[in-house]
Structure formats: structure tokens, C-alpha cells
Amino acid sequence: MRVLKTTIYLKTISLYILLLVFLFPFLVIILNTFKTTQQFVESPLSLPTRFSFDNYGKAFKDMDFITGFLNSSMITIISVLLIVLFSSMTGYLFVRFNWKANSVLFYAMLASMTLPFQALMIPLVVIYGDLGLLNSKGTLLFMYLGFGVPFAVFTFHGFIKGVPLELEESASIDGSSRARTFFQIVVPLLKPVMVTLIVLDTLWIWNDYLLPSLLLQSPSMRTLPLSNYGFFSTYSVDFSPLMAGLIMTIIPVLILYLILQKHIIKGITEGALK
Amino acid sequence: MTNKKTIRNAGTFLLFGGPSVFAFFAVVLIPFLFGLYLTLTSWDVRVGDHTFLGFANYVEVFKDKVFFTQLWFTLKYVFFTVAIANIAAFFLAFALTSGFKGQQFLRTGFFTPNLIGGLVLGYLWQLLFSQVLPYVGEKYGWSLFETSWLTDTDKGFWALVIVSAWQFIGYLMIIYIAGFMSVRVDVLEAASIDGANGLTKIRKIILPLSAPAIVICIFISISRSFLTYDLNLALTKGGPFNSTELSSYHVVQKAFLSNEYGIGQSEAVVLFAVVAIIALTQAYFLKKLEVEE
Amino acid sequence: MKRSKLLILGVCMVFVLSLLAACSQDNTKNNASGASSEPSETQQATGTESQSAKEVKITFFNTSAEINTVFENLFKVYKEEHPNVTVELIPTPIGGAQIEKFQSLLASGNPATVVNLDAGTIFQYKDKFLDLEPEKAKYEDLALTGAIDGALLDGKFIGVPYSAQGYGLLYNKRVVEEAIGGAFDPATIQTRSDLEALFKKIEATGKAPIMIHGADWSLGSHYQGLAYSLQSNDVETNRQFVEDVKNGTADLSTNQAFNGLMDTLDMLKKYNARKSDPLVADYNKDSADFAKGEAAFFFMGDWSWAVIGPLEGRDNEFGILPVPISDNAADYGNTQVAYTEPKLFAIDNSGSTPEQQEAAKTFIEWLITSEASQKAIIGESGLAMPYKNLKVESSNPMSSAIAKYVAEGKTVNIGVTNYFPADWWAKTGASMQKYLVDKLDRAGLTKEIQDYWKSTAGK
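Residue numbers (full-length UniProt numbering), protein chains in the order written: chain A, 1 to 274; chain B, 1 to 293; chain C, 1 to 459.
None of these hints come from the bench; they were simulated from the model. Each residue gets a CB set at the ideal place from its N, CA and C atoms; glycine is no exception. Hints may contain errors.
Part of the chain B face toward chain A, derived, beta carbon under 10 Å [as the list claims (entries may be wrong)]:
| hint | residue |
| --- | --- |
| 1 | 54 |
| 2 | 56 |
| 3 | 258 |
| 4 | 261 |
Reference listing, derived: stretches of chain A covered by chain C, where coverage requires no fewer than 3 residues with Cβ under 8 Å from a Cβ of chain C [claimed, not checked]:
| hint | region |
| --- | --- |
| 5 | 130-137 |
| 6 | 193-200 |
| 7 | 250-257 |
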């Protein structure tokens with residue numbers, strides 16, 4: 001018994017050490033947000049001489065953090081909700097209706113997950129530019145829906161396969177329609193997968209740079225990554241405020257992740273793996 | 001009767017599939033097809049006309065030796081990244097489901113690289129490789145780190161693999177953990193009673209039962225590592241002397257820097273075909289294995 | 001049963017439609033460009049005529065990322081002075097897909113009204129920009145002699161220069177003077193041997209004589225670019241030389257300027273501060289080490305002041321020497337520093353309205369002549385403006401050193417590189433990097449560079 005305890009103890013310790021090595025780059029970031037860029041470049045590993053929050057102040061001001069935060073939140077929340085709502089319905093459709101069109105669509109979506117974004121970039125802006133739909137948050141939301149659907153449908157598809165048909169059949173006998181069945185019977189069962197997708201899609205959209213950079217031009221529409229990248233300059237990078245901006249950018253998603261993490265694993269267990 | 005059924009089916013389809021399929025078509029499929037059409041023309045941003053060329057651009061692709069050298073380089077990169085990330089994630093997940101205090105914290109910790117995206121992560125690692133590690137290397141006389149990894153053709157390759165794997169591990173680990181959770185509790189307890197030790201447990205029980213997780217993890221890591229662009233740009237910029245250019249990076253350079261949009265776009269299509277074939281075949285075969293077991 | 005289905009379907013449709021409506025609404029609000037005819041028509045139809053005629057919004061595409069904030073503040077000042085004109089910045093960070101974004105905007109028919117782009121890029125897209133010929137005389141009056149000529153692309157005035165940069169061998173005066181034990185007169189260094197003799201003295205003090213920044217843009221564009229610019233002091237002749245290289249009638253391997261320049265590189269390599277790891281190319285660190293005297297010389301230009309200026313504990317006095325290419329002091333290039341107007345302001349002519357173009361012209365003139373703008377460009381950003389009667393003085397000692405060469409007419413015009421393909425510096429820069437680390441010998445380097453040129457023949 002004692003031996004067993006020691007092994008567990010050793011294992012835990014070594015895992016923590018591993019984590020420390022693993023997160024070394026992050027520790028370097030956090031350490032250096034309290035130093036000037038010059039100190040960072042000259043001695044990246046030294047401890048800060050004094051804890052100065054100047055970089056945070058500078059980043060907060062230069063990034064126009066509040067505007068960026070509100071824009072990012074709005075875009076992320078709405079896109080994620082759209083993706084989760086419509087993809088769960090489509091996933092359900094693909095599982096329950098064995099039509100040819102459905103399986104063709106499903107495989108098209110699966111294959112599209114291997115498409116490089118750069119291959120779509122120019123066609124995308126040409127088409128939407130001709131339609132006069134650029135420079136708008138609405139278009140951005142719609143594009144996130146389009147790009148988010150394949151992975152989400154794929155995940156829901158896997159999960160719904162595992163939902164026993166009997167549940168729905170008993171509901172149908174009651175005469176409720178497909179849509180009602182879906183929302184009343186199936187959706188409650190989908191919660192864990194939905195949480196997972198919410199987290200994964202939030203991480204993606206929250207940090208995305210290229211798509212909003214193509215679509216949003218007005219300063220008033222900028223998201224956090226757009227304003228954060230202002231610290232990159234032609235020849236050099238002003239690292240310290242950039243890192244401070246980055247820390248401020250990830251805190252909201254970190255919090256979301258901490259709240260939802262228990263459900264994520266549950267979601268994947270019952271979702272994609274079925 | 002059939003007519004009525006067709007209408008009802010169409011209604012169901014529109015209701016459940018309508019919005020997402022519409023968005024998928026409008027954002028992914030149609031632009032992709034339009035892009036495909038552009039590869040058959042002489043289209044160029046500067047000129048903007050569409051003269052039909054047929055397959056001339058594709059002929060150019062197959063003449064572009066650099067593209068194939070880099071495709072081979074990319075295949076090597078994908079192979080090592082996928083292998084390292086999956087093996088590490090698998091064992092990490094195994095260690096973090098044994099039910100001890102603090103495993104929740106550790107899981108979160110290993111996941112954190114996924115909270116930051118793209119370029120910034122690349123620049124950070126670039127700094128580590130070009131400054132912090134040489135600094136440490138010089139101080140302690142470790143010749144491995146004395147010069148920057150990013151200025152060496154071979155070490156530059158490994159730098160790319162390590163950073164990519166580092167990022168994927170947390171993501172894949174979560175999927176593996178989920179995979180184990182469904183196996184763990186009941187089966188493993190039974191196995192412990194039978195006196196199976198760690199490795200036997202992995203080989204005999206966990207590996208077969210987590211096959212679905214493996215399929216998904218490999219699919220995700222293959223498609224993602226083929227698409228690596230940001231990291232390549234921030235970490236090595238394809239250097240030293242273009243020796244670490246991955247295919248996606250090459251495609252972008254070709255299309256936008258060299259202004260050979262048609263050829264770049266054609267290369268993107270070829271790349272897509274390669275990735276899709278590899279990712280889907282592996283998924284198909286592993287799925288088949290899984291069913292047979 | 002059916003009704004509820006229809007209801008949900010209806011809700012979804014309304015949702016999608018309202019999203020699309022939201023898009024076009026946003027668009028009407030924010031896109032006054034008239035690039036896409038539809039939204040601006042709606043705007044004119046719905047907005048009161050008088051208002052929409054007066055209010056102009058122009059967009060400004062900026063590729064000088066280090067001055068994004070400076071520009072943004074400047075635009076606010078402009079708005080206060082010109083309430084009818086709103087200038088909106090489209091920032092592009094380096095590494096953030098600058099050229100992709102520019103092309104995307106162009107391809108989408110929604111281009112930026114004003115761009116701040118590399119002269120070479122403007123030349124590539126010359127048909128998309130407004131001919132500024134009618135404005136030329138005005139700018140010639142304002143600018144330093146030759147500054148407007150230097151910005152002409154194929155003889156046409158389509159971009160307004162706003163900054164001038166010089167590059168060569170920057171030196172840290174303190175380190176050089178400590179090595180020679182007295183005041184340093186840059187005029188004493190006129191040949192490669194002079195320079196090497198000086199390097200030996202510096203080396204003896206334990207400092208590195210020279211810092212070579214191992215990035216492809218520095219080696220490829222700046223260093224190698226000199227080779228073509230030193231063929232003659234006439235840009236057209238130099239262009240012809242490159243054409244000759246392309247079709248094989250000129251040979252770099254026997255070219256005096258090219259070989260002289262590479263011989264100098266061989267010498268510089270011996271004294272390189274980054275000898276042990278030449279390609280590490282960390283711009284912040286290289287600049288800081290030079291500014292603090294770890295290296296006496298730095299192959300770079302006055303733009304590095306943006307990094308060096310704010311450093312703590314740096315030295316104060318810096319100067320510049322040309323890169324010598326031979327041991328004959330009279331050879332062109334030995335006493336002249338490279339000088340260029342790297343970025344130009346240009347006005348879109350592919351999707352902007354005449355009102356926007358007019359507003360853009362006024363705005364560019366304001367950027368060049370107003371005190372607020374000069375304060376931002378010269379004072380805050382440390383750039384040199386190639387104009388007369390400036391209201392703000394530069395605090396950048398490197399620019400001042402270069403200005404002396406400019407005043408004496410001792411400059412090398414590297415305008416020929418504006419006509420090169422966009423991937424020139426990246427492709428040949430890789431060959432230069434190989435040469436720097438001895439993976440290629442001279443013959444190999446020459447061959448790779450010539451092969452590159454031949455591959456671009458006819459394009």
C-alpha cells in the first residue's frame with residue numbers, strides 16, 4: 001500500500017514538472033509583460049526588477065480594449081449560437097434521413113475540413129465584393145456559420161447516431177412533429193456536445209485574425225485580434241505590450257474554458273466518439 | 001401520396017438543413033468551385049480578365065519542382081507531427097485519467113496552448129529558439145542549443161514539428177481522455193482484478209476500445225498539420241533559404257508574392273486533393289479495423 | 001403539425017434574411033466608396049441629397065505598421081479640421097497578410113481610396129491608380145531637388161513620396177573613436193582596404209567590427225539591390241542592365257559592381273558579430289547590440305532609429321558610411337550612400353468616386369505640408385521627409401548623417417529595384433543567405449541569381 005502511494009506521488013510530481021516544461025513559453029510571456037521590450041530582448045529570462053503594469057495600460061489604451069472586447073464578444077456569441085443551432089439540426093437530418101443527398105453533403109463537408117483557407121480567400125472576397133457585402137459584421141457572422149458548419153455537423157452526427165430511436169418514436173406516436181421532437185426530445189440530450197462545440201468554436205472565432213481582417217475595416221468594428229496585431233511593425237515586434245494585450249485577450253476565453261471544461265470531456269465522450 | 005411525401009421531405013430538408021447547407025454552399029462550396037474555375041483561366045488581380053486556359057496552370061504545377069520538394073517536406077512534417085502529438089497525447093491522457101488529486105488542473109494546463117492562436121504563438125517560439133535557448137545553451141555549454149535552431153535546415157524542421165505537436169497535444173489529449181472515460185471505469189476495474197498490468201491494459205483493452213478516438217485524432221491532426229501556415233510564417237518564414245517552406249506557405253507565396261495567382265490556386269487544389277485523400281483513406285481504413293474488432 | 005413546421009421554417013428564413021439585411025445596412029453605412037454601385041445608390045436615394053454630397057469617407061491602406069497609431073491619431077486631427085471628411089485607417093501588421101489583403105480589396109471591387117505602399121507594389125498595380133500628373137508641378141515646388149523624379153514610375157507620377165530613407169554601414173561613433181583613439185572623420189574611409197584597416201583596429205579593442213543582419217530582406221533587397229543600382233547613376237540604364245541579365249546578354253559573374261560588392265561581403269563576413277550564427281536575424285537584438293556598442297558597424301538604414309531611439313543605455317552618436325565596392329576611391333558607390341523613397345501615397349482609380357479622389361488629393365497634400373502631420377511623421381516616427389521648408393526638425397542622427405550625403409549629391413539611386421518582381425528579394429535573398437553561411441560559393445551564388453532572372457524573362 002505504501003509503495004503504491006509513493007508511485008502515485010512520484011507520478012503526480014513528474015506530471016507537474018512536465019507541465020512546467022510544457023508551459024515554459026507561457027511563463028516567459030507572463031514574466032515579460034512586466035518588463036520593457038528592451039529588457040525582454042536583452043535578458044528574456046531575468047526576473048522583472050519591479051512589477052510594472054505599464055504594458056497592460058499601454059495595451060489597454062492602444063488596443064481600444066473595450067471596443068474590441070464588445071465587438072469580439074458580440075461576433076463570437078452570435079456566430080457560435082448560429083453554428084450550434086443550425087448544425088445540430090443538420091446533424092440530426094443527416095442521421096435520421098438516409099437520403100443520397102444527405103450523405104453526399106456530409107462527405108462534402110467532411111472533405112472541406114481539409115481545405116486551406118487561402119484557397120478560398122480571393123474567390124470569397126470577389127464574390128462578396130461584387131454583392132457589396134463586405135465591411136459588415138453580418139457577412140462575417142454568416143461566413144463563420146459557413147466555415148463552422150462542417151466540423152459541428154460532423155460532431156453532432158457522431159453523437160446523434162447514438163441517440164436511441166425509440167425515444168423519438170414514442171414521441172411521434174403522440175403526434176408531435178419532427179421539429180418539436182427535435183427540440184423537445186433530442187436537444188436536451190445534445191447538451192454536452194453543444195458545450196464542447198461552444199468552447200471549441202469560441203476559441204477559434206475569438207482568436208481568428210485573417211477573416212475579420214478581410215471583412216472589417218472601420219476601427220469601430222475591430223475585434224481584439226485585429227487591434228492586438230497593431231504591435232507588429234515592419235521590422236520588429238514590440239513584444240511587451242503585445243504580450244500584455246494577448247494575456248488580456250485570452251483571459252475571457254480562459255474563464256469560459258474553466259467554467260465549461262468538465263462538460264467538454266463529457267461532450268466529446270458522447271459525441272464525436274460514437 | 002408520393003408527391004405529398006416528396007413535398008414533406010423537401011420541407012424537412014429545408015427546415016433542418018436549409019440554413020447550414022445554404023451557408024456552407026455560399027461560403028465554402030461556391031467560392032471553392034469559383035476558385036477551381038479561376039485555375040482554368042489566366043485570372044490576375046492586376047488585370048482582372050478571365051481568358052480560358054484549360055489545364056495550362058496545372059501543367060505549370062507539375063513542372064514546378066519546388067512544389068513537389070516542398071510537398072515531400074510537408075509529408076515528412078505531417079508524419080512526425082501527427083505521430084509525436086498523438087503518442088504524447090495518448091499517454092498524457094492515460095496518465096490523467098487515473099483519478100488522482102489535481103488531474104483536472106493538469107488537464108487544463110496542458111490544454112492552454114490552444115487558447116492562443118496562430119501568429120503570436122509562432123513569434124513567441126521564434127523568440128525562444130533564437131534567443132532564450134541559445135542564451136541557456138551558451139551559459140551551460142549545451143552545444144545543442146548554442147546556435148538558433150531556426151537557422152539550421154534540419155533543426156528548423158524539428159522546431160516546426162515540436163511547436164506544432166506542442167499545440168496539438170492538449171487538444172488531442174482532451175479527445176483521448178473522453179475516449180478513455182467511456183472505457184475506464186468498469187472495464188479497467190475488472191481488468192485490475194484479473195491482474196493486468198499497465199502496458200497489458202493499454203494494449204489489450206484501452207487501445208481497441210479507444211479506436212474511435214484514435215480515428216478522429218489522426219484525422220484532425222493530419223488535416224490541421226497539412227494546413228499549417230501561420231506558424232510557418234512566424235517561426236521560420238520558410239527559412240533558412242526556403243528549406244522549411246511547407247506547402248500551404250508555398251502556395252500563398254506563389255499566389256500573392258510571385259503574383260502567379262492561377263498557379264498558386266492550382267497548387268492549392270492539388271494540395272487539397274492530397275490532404276483529402278490521405279485524411280479520408282486513413283479514416284476509412286481505421287474505421288474498418290474498428291468494426292472488424 | 002404542418003403549421004408548426006412552417007412557423008419554424010419561417011423564423012429561420014426571417015433570421016437569415018435579417019442577417020443579410022443587416023449586412024447590406026452596415027454596408028450602406030460604412031461604404032461610401034461607390035465601388036459597388038448598389039449600396040451607394042441606395043444611400044443617395046435614401047440620404048438627403050445635400051448631406052451625402054458633402055460628406056466624404058475615404059479609406060487609407062497602410063503598410064507601414066509601425067506608424068499605425070501615429071496615423072490614426074493624425075486622422076482624428078484631420079477630421080477636426082475638415083469635419084466633412086472621414087479618413088479610416090486599414091491597418092496591416094507585418095506578417096498579417098499585407099499584400100493578400102490589398103489584392104483582396106482590389107479584387108472585391110472595394111479598394112482603399114489612399115494607399116501607403118512600396119513603390120514597387122504601386123508600379124505592379126499602376127493601372128489601378130490615379131495619374132497625378134496635374135499635381136506634379138505643385139509637389140516639385142514643395143520637394144527637395146530630385147525627390148519627385150525619384151518617385152516617378154516609368155516616367156509617370158502616380159505616387160507621392162513622403163519619406164526618404166538611406167542605408168549603408170551605420171556606425172557607432174563612440175566605439176569607432178575608441179578604436180582609433182581620436183576623432184573619426186568618415187571621409188577617411190573611401191575604399192574596401194580603408195574599411196578593413198579600421199575593422200582590424202576595432203577588433204583589437206575586443207568589439208565586433210560589423211553586424212550583418214542575416215534576414216533575406218536585408219541581404220536580398222538592400223545589399224544585393226546595390227549591385228544593380230551601381231551599374232550607373234541612371235535608373236533606365238540600370239533597368240536595361242537587368243533586362244540584359246534576363247536574356248543572357250549581360251553576365252553577373254564578370255560584372256565589376258556585382259563582384260566588388262560580393263568581395264566586400266566576403267570581407268564583412270570575416271568580421272561579423274554574428275559569425276557563429278549568421279542567420280539568426282533578430283532585428284530588435286541586432287539593433288540593440290549595435291546601439292550599445294557591442295558592434296561598431298551595422299549594415300542597415302536610418303529606419304532602425306525607430307527601435308534604437310527609445311532604448312535605454314544606448315550611445316548617442318551615430319553616422320553612416322557607404323558600402324565600398326573596390327579599392328579605387330573614385331569608383332561609383334565608394335563615397336555614395338544608397339538613398340530611396342521606399343513608400344508612396346497613391347490614390348485608387350479603380351473603384352473610388354471622383355469626390356473621394358478629390359478629398360484624397362487634399363488629404364495627401366495636408367499629410368505632406370501640415371505641421372501636425374510633419375510632427376507625426378518626422379517627430380514621432382523619426383522618418384525623414386524629402387521636402388523643403390519643413391516645420392519640424394528631425395531628432396534622428398542617422399537621417400541627419402544621410403542628409404549630408406544628399407545635400408552633396410552623393411547618393412546611389414536604388415530606384416531600379418522598384419521595377420523588380422515582388423518575389424525578387426525573397427528568392428534571391430535565400431541565395432544570399434546561403435552565401436553568407438558558405439553553403440554556396442561565388443559561382444553558385446551568381447548562377448542562382450542569374451537563374452532567377454532568367455526564369456522571370458518575359459513576365
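Tested hints:
1. A distance limit of 10 Å between C-beta atoms decides the matter here; for residue 54(B) the minimum to chain A is near 19 Å, and the interface restraint is violated.
2. At about 19 Å, the closest approach between the beta carbon of residue 56(B) and any beta carbon in chain A exceeds 10 Å, and the interface hint on this residue is violated.
3. Given hint, residue 258(B) at the interface with chain A, is violated; its Cβ is 14 Å from that chain's nearest Cβ, farther than 10 Å.
4. Contact between residue 261(B) and chain A, as hinted, is supported at the beta carbon level, the nearest pair being about 7 Å apart and thus within 10 Å.
5. Restraint check on the region 130-137 of chain A versus chain C: 8 residues with Cβ-Cβ distances below 8 Å, three needed, restraint holds.
6. Remark: the region 193-200 of chain A is not confirmed as covered by chain C, as 0 of its residues place a Cβ nearer than 8 Å to a Cβ of that chain, below the required three.
7. Requiring three or more residues with a Cβ within less than 8 Å of a Cβ of chain C, the coverage given for the region 250-257 of chain A is violated, as only 0 such residues are present.
In summary, the structure is inconsistent with hints 1, 2, 3, 6 and 7 from the numbered list given earlier, while agreeing with the others.
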